[in-house]
Amino acid sequence: TVSYDRLRREVVRLTESHSVDRDSPEGLAYEISEQTPRRGFGVKVRVQFRSIGPKSCEANILAELRPLGKNLSDQNAVHKAFQLVVAEVAMRYGDDSKGLLRAYLDLNNSLNMPDVQADPAFAQPPDPAAP
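Using the working numbering, you'd call the opening residue of the sequence shown number 29 and step up by one each time.
Calculated directly from the structure, the hints in this document are not laboratory data. Among the hints, a few may not be true.
Using 20 angstroms as the maximum straight-line C-alpha spacing, the simulated EDC-like pairs for lysine to aspartate or glutamate come out as follows [to be verified]:
{"#": "1", "residue 1": "LYS108", "residue 2": "GLU92"}
{"#": "2", "residue 1": "LYS98", "residue 2": "GLU86"}
{"#": "3", "residue 1": "LYS126", "residue 2": "ASP33"}
{"#": "4", "residue 1": "LYS72", "residue 2": "GLU59"}
{"#": "5", "residue 1": "LYS72", "residue 2": "GLU92"}
{"#": "6", "residue 1": "LYS72", "residue 2": "GLU116"}
{"#": "7", "residue 1": "LYS126", "residue 2": "GLU62"}
{"#": "8", "residue 1": "LYS126", "residue 2": "ASP51"}
{"#": "9", "residue 1": "LYS72", "residue 2": "ASP49"}
{"#": "10", "residue 1": "LYS72", "residue 2": "GLU62"}
{"#": "11", "residue 1": "LYS83", "residue 2": "ASP134"}
{"#": "12", "residue 1": "LYS72", "residue 2": "ASP123"}
{"#": "13", "residue 1": "LYS72", "residue 2": "ASP134"}
{"#": "14", "residue 1": "LYS83", "residue 2": "GLU54"}
{"#": "15", "residue 1": "LYS98", "residue 2": "GLU62"}
{"#": "16", "residue 1": "LYS72", "residue 2": "GLU44"}
{"#": "17", "residue 1": "LYS83", "residue 2": "ASP51"}
Please build the complete structure, drawing on both the sequences and the hints.
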């Protein structure tokens with residue numbers, strides 16, 4: 029569980045829980061559940077990375093939004109709040125300038141990964157049984 033302060037008209041204390049669903053050589057999946065509703069919607073985000081080759085992976089970010097408000101009678105207000113929450117979630121977890129996916133992509137691009145086939149440090153030792 030992580031707590032942090034965020035400005036929402038005033039500074040409010042927000043809390044979210046992080047849990048790892050799967051961590052294996054084939055991939056990583058974890059979940060972020062926000063404990064404080066955003067504009068009357070509960071948010072749960074599932075982040076998945078799956079290996080699809082020696083130098084590539086697939087990333088998926090799925091957000092689940094659930095209405096938590098008691099007064100849902102004004103459908104225009106609910107729809108507007110929903111659109112704002114979708115935009116906030118996309119900004120926080122997507123590939124925008126500050127999103128989680130953008131941070132992963134920037135980190136990946138900044139790493140200098142050795143070329144396994146060209147680097148002698150990764151060369152296979154000669155097979156003594158080979159002619």
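Consistency of the hints with the structure:
1. LYS108 to GLU92: Since the Cα atoms of LYS108 and GLU92 sit roughly 17 angstroms apart, the hinted pair holds (cutoff 20 angstroms).
2. LYS98 to GLU86: violated, 38 angstroms
3. LYS126 to ASP33: Holds: LYS126 and ASP33 sit about 17 angstroms apart, inside 20 angstroms.
4. LYS72 to GLU59: Holds: LYS72 and GLU59 sit about 7 angstroms apart, inside 20 angstroms.
5. LYS72 to GLU92: holds, 5 angstroms
6. LYS72 to GLU116: Distance ~13 angstroms between LYS72 and GLU116 Cα, so the pair holds.
7. LYS126 to GLU62: holds, 18 angstroms
8. LYS126 to ASP51: With Cα atoms ~25 angstroms apart, LYS126 and ASP51 exceed 20 angstroms; violated.
9. LYS72 to ASP49: OK: LYS72 and ASP49 at ~13 angstroms, within 20 angstroms.
10. LYS72 to GLU62: holds, 6 angstroms
11. LYS83 to ASP134: holds, 16 angstroms
12. LYS72 to ASP123: Given that 20 angstroms is the threshold and the Cα spacing comes to 18 angstroms, the pair holds.
13. LYS72 to ASP134: violated, 24 angstroms
14. LYS83 to GLU54: Distance ~13 angstroms between LYS83 and GLU54 Cα, so the pair holds.
15. LYS98 to GLU62: holds, 19 angstroms
16. LYS72 to GLU44: Within the cut-off at roughly 9 angstroms; holds.
17. LYS83 to ASP51: holds, 18 angstroms
Checked against the numbered hints above, the structure violates hints 2, 8, 13; every other hint is satisfied.
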